[in-house]
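Participant: If you want the building blocks of each chain, they are given just below.
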Amino acid sequence: MRLTCPLCGDRDRREFYYYGAEDYLHRPPEGAPLADWDNYLHLRDNPAGVTKDLWYHEAGCAQWLVVTRNTVTHEISGVELVAERKA
Amino acid sequence: MPELIAKSALEGRSLALGGVTLAEVEAGPITSIAVLPGAAKTVAKGLKTIGLAMPEPNRFAEKKGARIVWTGREQAFLIGVDAPELEGAAVTDQSDGWAVLEVSGPAAVDVLARLVPMDLRLTACPVGSALRTQVNHMNTVILRTGDYAFEIMVFRSMARTAWHELETATHMVAARASVKI
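First to last, the protein sequences are chains A and B.
Just so you know, we're using the working numbering here: the first sequence kicks off at 1 and counts up by one.
Just so you know, we're using the working numbering here: the second sequence kicks off at 88 and counts up by one.
For reference, chain A alone in the conformation it holds in the complex (with noise of 0.2 Å):
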């Protein structure tokens, strides 16, 4: 498996960690409900299909990066860095 990094380029996977599913990009705010805080940590999608990760490219340019690939295909359609990408 490869991933192309936004700045390093095309790089082996052992240069990345995984995190897990992207939803942690998305803290709920301040006050927010009980049920909003068990969906952060503990809920999960495994889709049959399109999903999207949180890599760290560990032994590269340190950055996070959000994956969107295909579980079924092992298509990587998309490789973002989370520093970039718009709230």
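Just so you know, these hints were derived from the structure itself, not from any lab.
Every residue, glycine too, gets a C-beta built ideally from N, C-alpha and C.
Zero decoy hints are in this set.
Label pairs and their in silico Cβ distance ranges:
id, chain 1, residue 1, chain 2, residue 2, range
1, A, Arg14, B, Gly115, 30 to 36 Å
2, B, Glu143, A, Thr73, 29 to 35 Å
3, B, Asp169, A, Asp45, 49 to 55 Å
Using the hints, position chain B against chain A.
Facilitator: For chain B alone, coordinates are given in the frame of chain A:
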């Protein structure tokens, strides 16, 4: 203040075997420059005083013995000279934190091919490339300094391990080249 003796990580050792030369490089001062948000212009002004600019991703540039190396988003290493006054950047002296090895010669690329998960042939990695990647399991910055020359920066604590890995790979490449098929 006691008189302290500066010692290099590898005591300046070198090895020449099968068209590959390994040697430690005295890099001089190494300063990390991290541009603070929105301060790109003031940092550019400061770097201009020594004739340099923040490098493009995966590149390094040189000017009169000073080298500036891309090391990340909005971040670079200034090597070989003391850092000028830089407003708008987090400037950290890292001179003691790194060891630099030079791998040169026609077979240098074959030695590194055994350890680095990247295509380092000249077509994919032209002179002036600066790549943050790995040498086996060690994080590294690899500089393509010439058609047949690379500089490998590793954390100083990893210097002897890096040397061992490169030395072993150099022996392997030389042994393989000596086998007549």
